[in-house]
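Undergrad: As a plain string of letters, each chain reads:
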Amino acid sequence: MNNGAVVKLIDVHKTYRTGEMEVHAVRGVSLEIRRGEFVALMGASGSGKSTLMNILGCLDRPTGGRYILDQAEVSELNRDQLADIRNTKIGFVFQNFNLLPRTSARENVELPLLYGTRGLTNAQLKEKADAVLASVGLAGREDHHPSQLSGGQQQRVAIARALINEPEVILADEPTGNLDSRTSVEIMGIFQQLNDRGITIVMVTHEQDIAAYTRRNVVMRDGLVRDDRAVERRLDATIQLQEPNREEPE
Amino acid sequence: MRVGSTINVAFRALRRNKLRSVLTALGIIIGVAAVIAMVGIGNGAKAQVEAQIASLGQNIILVFSGSTTASGIRTGWGGAGTLKIEDAEAIRREVSGVTAVSEEVVSTTQVAAGNQNWFTRIYGESADYFDIRQWPLADGTPFTPQDVRSANKVCVIGRTTATQIYGNENPIGQILRIKNVPFTIDGVLTPKGLSAQGVDQDDIVIMPYTSAMKRVVGGTTLRNINVQVADPRQLTAAQQQIIDLLRQRHNIRPGRDDDFTVRNQQEIADAATATTDVMTGLLGAIAGVSLVVGGIGIMNIMLVSVTERTREIGTRMAVGAHGRDILTQFLIEAISLSSVGGILGIILGIAAAKTIALTRHWPALISPASIVIAFLVSAAVGIFFGFYPARKAAALDPIEALRYE
Numbered sequence: 037m038n039n040g041a042v043v044k045l046i047d048v049h050k051t052y053r054t055g056e057m058e059v060h061a062v063r064g065v066s067l068e069i070r071r072g073e074f075v076a077l078m079g080a081s082g083s084g085k086s087t088l089m090n091i092l093g094c095l096d097r098p099t100g101g102r103y104i105l106d107q108a109e110v111s112e113l114n115r116d117q118l119a120d121i122r123n124t125k126i127g128f129v130f131q132n133f134n135l136l137p138r139t140s141a142r143e144n145v146e147l148p149l150l151y152g153t154r155g156l157t158n159a160q161l162k163e164k165a166d167a168v169l170a171s172v173g174l175a176g177r178e179d180h181h182p183s184q185l186s187g188g189q190q191q192r193v194a195i196a197r198a199l200i201n202e203p204e205v206i207l208a209d210e211p212t213g214n215l216d217s218r219t220s221v222e223i224m225g226i227f228q229q230l231n232d233r234g235i236t237i238v239m240v241t242h243e244q245d246i247a248a249y250t251r252r253n254v255v256m257r258d259g260l261v262r263d264d265r266a267v268e269r270r271l272d273a274t275i276q277l278q279e280p281n282r283e284e285p286e
Numbered sequence: 007m008r009v010g011s012t013i014n015v016a017f018r019a020l021r022r023n024k025l026r027s028v029l030t031a032l033g034i035i036i037g038v039a040a041v042i043a044m045v046g047i048g049n050g051a052k053a054q055v056e057a058q059i060a061s062l063g064q065n066i067i068l069v070f071s072g073s074t075t076a077s078g079i080r081t082g083w084g085g086a087g088t089l090k091i092e093d094a095e096a097i098r099r100e101v102s103g104v105t106a107v108s109e110e111v112v113s114t115t116q117v118a119a120g121n122q123n124w125f126t127r128i129y130g131e132s133a134d135y136f137d138i139r140q141w142p143l144a145d146g147t148p149f150t151p152q153d154v155r156s157a158n159k160v161c162v163i164g165r166t167t168a169t170q171i172y173g174n175e176n177p178i179g180q181i182l183r184i185k186n187v188p189f190t191i192d193g194v195l196t197p198k199g200l201s202a203q204g205v206d207q208d209d210i211v212i213m214p215y216t217s218a219m220k221r222v223v224g225g226t227t228l229r230n231i232n233v234q235v236a237d238p239r240q241l242t243a244a245q246q247q248i249i250d251l252l253r254q255r256h257n258i259r260p261g262r263d264d265d266f267t268v269r270n271q272q273e274i275a276d277a278a279t280a281t282t283d284v285m286t287g288l289l290g291a292i293a294g295v296s297l298v299v300g301g302i303g304i305m306n307i308m309l310v311s312v313t314e315r316t317r318e319i320g321t322r323m324a325v326g327a328h329g330r331d332i333l334t335q336f337l338i339e340a341i342s343l344s345s346v347g348g349i350l351g352i353i354l355g356i357a358a359a360k361t362i363a364l365t366r367h368w369p370a371l372i373s374p375a376s377i378v379i380a381f382l383v384s385a386a387v388g389i390f391f392g393f394y395p396a397r398k399a400a401a402l403d404p405i406e407a408l409r410y411e
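In order, the protein sequences belong to chains A and B. Under our numbering, the first residue of the first sequence carries the number 37, and numbering increases by one thereafter. Under our numbering, the first residue of the second sequence carries the number 7, and numbering increases by one thereafter.
Just so you know, the hints here were simulated from the structure itself, not pulled from any lab data. Please note: incorrect hints may appear among the correct ones.
What the hints assert, rightly or not - Below, computed lysine-lysine pairings styled on DSS-like, alpha-carbon distance capped at 30 Å: (1) B:Lys52 - B:Lys360; (2) A:Lys162 - B:Lys24; (3) B:Lys24 - A:Lys164.
Stated by the list, open to error - According to the in silico footprint, chain B covers these stretches of chain A (three or more CB under 8 Å from chain B): (4) 87-96; (5) 113-126; (6) 138-152.
Glycine included, each C-beta is placed from N, C-alpha and C at the ideal position.
Produce the complete structure using the sequences and hints provided.
TA: Here it is, written out as structure tokens:
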């Protein structure tokens with residue numbers, strides 16, 4: 037069972053060539069993430085965490101090393117094969133939500149299904165999308181367009197979109213970066229609920245207090261993993277939200 | 007997947023930008039409408055010309071005196087005075103399949119009655135002429151073969167001539183003075199309207215050719231001979247027989263040019279419709295240019311759309327769209343714009359052609375073929391001008407596209 041490892045990076049390198057210059061964004065990262073983990077990938081800008089996230093998300097291929105996702109080697113796959121992996125095994129949540137404008141929440145959530153191989157009818161699409169929207173607390177807002185939703189609600193739509201294909205891992209890139217602190221905690225609450233249901237989540241963030249809601253923090257600097265430890269005093273979003281006069285984190 | 011839901015995706019995207027979609031399609035709508043209307047009007051004009059040629063009569067061979075190929079002084083059709091009455095009689099007698107012959111002389115002169123006068127055309131014909139031209143009388147009776155033999159001073163007149171000289175009076179039985187010779191009006195022709203060349207065919211006086219030669223035109227030769235054969239399949243044979251007969255009668259040695267010209271109706275029709283064909287072609291080509299401009303409009307908007315929707319494309323790729331899916335989506339968007347534009351353009355073009363036909367009294371003839379071709383061309387315009395933007399979209403790098411602001 038490969039110890040239940042969903043994600044396994046073995047000495048992964050990524051080097052960009054811009055003319056004569058070579059930029060070593062990732063210089064040999066080995067990392068294993070097991071099923072059901074909730075990992076925060078941290079680091080300053082330029083630390084290589086975004087590059088690593090792109091590789092984890094099968095948006096980019098490593099220039100060296102191996103990447104095994106759900107026991108399948110993905111570092112040598114071509115563009116279309118990577119797209120299929122993204123469709124079936126990965127759910128993305130972005131900082132700026134990346135919802136299609138002037139498109140209902142339901143249609144946004146259906147999007148990954150349109151590129152799958154399942155061939156669902158429109159009625160089946162709707163049923164599935166509405167169920168996932170309800171699971172993130174958006175029942176009744178299926179027909180709202182992104183412009184009619186708050187930032188937190190938009191991010192919930194994006195999470196629903198990430199969940200619809202029941203992926204092996206959810207990759208969230210600064211999911212709270214565009215949200216106020218209370219909404220951020222709400223979104224972290226949703227992630228914690230999902231994680232409690234056994235869903236594996238990897239989240240990029242540079243905010244310590246957001247990383248505190250996860251179970252494991254991986255810190256990168258200069259293209260290498262510098263620190264990898266379990267979170268000791270894990271925050272619980274449900275409790276945080278119940279505190280009446282909670283102070284705003286800076 | 008994949009085509010079914012890609013169509014779904016493309017239509018959702020078009021619906022999101024309704025105004026832009028409509029404006030983009032407008033270029034194609036106008037282009038297709040212009041093609042349909044212009045070709046319809048051109049074909050209508052052609053049909054009108056053909057109808058007028060057909061109104062010359064059925065299965066007609068025209069024999070003109072003079073040659074169009076003779077060297078030296080050329081006098082044009084009917085000008086050389088080489089056709090004699092005896093030639094017409096020989097054709098009537100010897101050429102097989104001939105059902106009617108009309109000897110023709112033509113003049114223009116002043117005619118008068120009472121205190122009115124009018125400048126009009128005088129046609130001298132045989133009694134068969136009204137059958138050959140399929141030109142019945144509206145009122146009165148035609149002159150008879152007896153009138154022709156006796157060179158009687160009788161005539162029939164066209165509607166225009168009748169109105170100009172007699173106004174609302176009934177001209178039948180009245181005396182019309184032509185070159186001071188009194189002619190009795192036997193009948194009034196049914197109106198035929200303008201000819202393809204814009205000549206008022208009703209501005210005419212028709213009388214026995216014998217009378218015309220003796221009292222109006224003078225001379226002893228015919229301008230031309232109208233010959234009708236029973237069956238269109240006999241036209242070519244009869245035409246050759248007439249040529250052989252006249253060469254023999256005119257003692258033309260082998261190798262020398264004819265001193266007459268024989269044309270059948272089809273040749274005349276071809277010559278006349280060649281002009282309208284050119285016109286139709288030109289109008290169609292100009293309209294076709296607007297279709298290309300419409301296509302460029304689609305390409306422009308699709309390029310803008312690809313740039314503007316870079317993040318959307320990145321998102322689609324992130325959730326599993328292949329490059330091919332993106333390509334198909336944008337191609338389908340372009341084709342939908344152009345073919346929906348094509349359909350609307352066809353409807354608008356038909357409406358425009360009908361409006362022009364109604365208001366300008368110009369027939370419009372819209373063939374099913376031109377509708378089908380217009381639709382296919384508009385769809386092809388969508389594929390052609392949509393391909394480059396679509397390929398550009400499909401080639402985007404998902405990471406760059408997601409980061410695009």
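Undergrad: None of the hints should be skipped; say for each whether it holds.
TA: Verification of the supplied hints:
1. A threshold of 30 Å between alpha carbons decides the hint, and for Lys52 (chain B) with Lys360 (chain B) the separation of about 16 Å falls inside it, so the pair holds.
2. Our distance criterion of 30 Å between C-alpha atoms is met by Lys162 (chain A) and Lys24 (chain B), whose separation comes to about 23 Å.
3. Proposed proximity of Lys24 (chain B) and Lys164 (chain A) is supported: the alpha carbons are some 28 Å apart, at most 30 Å.
4. Counting residues of the stretch 87-96 of chain A whose CB lies closer than 8 Å to any CB of chain B gives 4, which reaches the minimum of 3, so the coverage claim holds.
5. Interface restraint, the stretch 113-126 of chain A with chain B: holds (7 residues with C-beta to C-beta distance below 8 Å; minimum three).
6. With a threshold of 8 Å between beta carbons, the proposed coverage of the stretch 138-152 of chain A by chain B holds, since 8 of its residues qualify and at least three are required.
Consistency note: the structure conflicts with none of the earlier hints.
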